[in-house]
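Chains as they are written, first to last, in this note's numbering: chain A, 1 to 123; chain B, 1 to 134.
Derived by calculation from the structure, the hints in this document are not laboratory data. Just so you know, these numbers come straight off a predicted model, no measurement behind them. For glycine and all other residues, C-beta sits at the position ideal for the given N, C-alpha and C. Treat each hint with caution, since some may be false.
[Claimed, not checked] The following label-pair restraints were derived from C-beta to C-beta distances:
id : chain 1 : residue 1 : chain 2 : residue 2 : range
1  : A       : Lys70     : B       : Gln36     : 31 to 39 Å
2  : B       : Ser113    : A       : Gln32     : 33 to 41 Å
3  : B       : Ser42     : A       : Thr4      : 32 to 40 Å
4  : A       : Lys56     : B       : Asp95     : 21 to 29 Å
5  : B       : Asp95     : A       : Ser76     : 29 to 37 Å
6  : B       : Leu50     : A       : Lys56     : 28 to 36 Å
7  : B       : Asn94     : A       : Asn53     : 36 to 44 Å
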Amino acid sequence: MIHTGIRAYVFNCSYASSSWVDDPSTLISDLQTALSTISSFSYLQLKVANVKNTIKKVEIEIVSITYKTKTRLNASEIDDLINDLNTALLTISDLSFLNIDICTDVFTDTPSSGWPSESWKRE
Amino acid sequence: MFLLIRLLLVGQVKVGRENRMLVDDTQIYVTGVLYQQSAYPSDVTQLLYLIDDALAQISELKYSEVLINRSECRFSNSTTREQLLVFLKDVSFNDIKFLSDSQSTSLRVALISQLNQLSDLEYDSVEIRTTRTV
Numbered sequence: 001m002i003h004t005g006i007r008a009y010v011f012n013c014s015y016a017s018s019s020w021v022d023d024p025s026t027l028i029s030d031l032q033t034a035l036s037t038i039s040s041f042s043y044l045q046l047k048v049a050n051v052k053n054t055i056k057k058v059e060i061e062i063v064s065i066t067y068k069t070k071t072r073l074n075a076s077e078i079d080d081l082i083n084d085l086n087t088a089l090l091t092i093s094d095l096s097f098l099n100i101d102i103c104t105d106v107f108t109d110t111p112s113s114g115w116p117s118e119s120w121k122r123e
Numbered sequence: 001m002f003l004l005i006r007l008l009l010v011g012q013v014k015v016g017r018e019n020r021m022l023v024d025d026t027q028i029y030v031t032g033v034l035y036q037q038s039a040y041p042s043d044v045t046q047l048l049y050l051i052d053d054a055l056a057q058i059s060e061l062k063y064s065e066v067l068i069n070r071s072e073c074r075f076s077n078s079t080t081r082e083q084l085l086v087f088l089k090d091v092s093f094n095d096i097k098f099l100s101d102s103q104s105t106s107l108r109v110a111l112i113s114q115l116n117q118l119s120d121l122e123y124d125s126v127e128i129r130t131t132r133t134v
């Protein structure tokens, strides 16, 4: 059994000309309003992340997207989704962003044969 | 793995007139780690304890777990490289889970200060991600 999930990342955002959002409540509300205008689109979670590395940046993540009743999209549908997200997000006047990435997670009930990856944690 | 572990959530708070559930979370990533000049150290547990003990010196810092992830990454030019990542989960700083700009700077400075004292450790970057989810 294969399960899929779509995530959208909006990178290098600034909101109200700031690359750090101390209180994301207004941005979250603006995003909810903007995303509600996209037809055949739903999601489970909306995240606003402030990222501090050598530079500061704001990222938006939209998790568990369903688009046109699908949770796995072909290339053309991904282009459509990016266009719809782009159009919706541009209605938020205080928001600017550089690009939108779409990721599709694929989960299987059987062990993956992907690249080796190991993790350790302190017990 | 890197993206999957980013999906972990903690620290639920209820706010707002609609009783929406907002989730605050902070995570720390130390990327490009080399221990004793190796991204494939023979004793990962030793590295785990070393980092955990070093970060315990930052009294304002709390986290639920420190994890090390080792993966083999393939790049677009078909080269592969071992990458070692240290991940701190469910982080709070001064008991705050959603950090301000200045708080995250203070935390990052403290982390770098501690990590730089570990002579056998090298790394590329320290990244703090403080997230609010609805």
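Query raised in the report: Failing hints, ascending?
Result: The structure conflicts with hints 1, 5 and 7, although it agrees with all the remaining ones.
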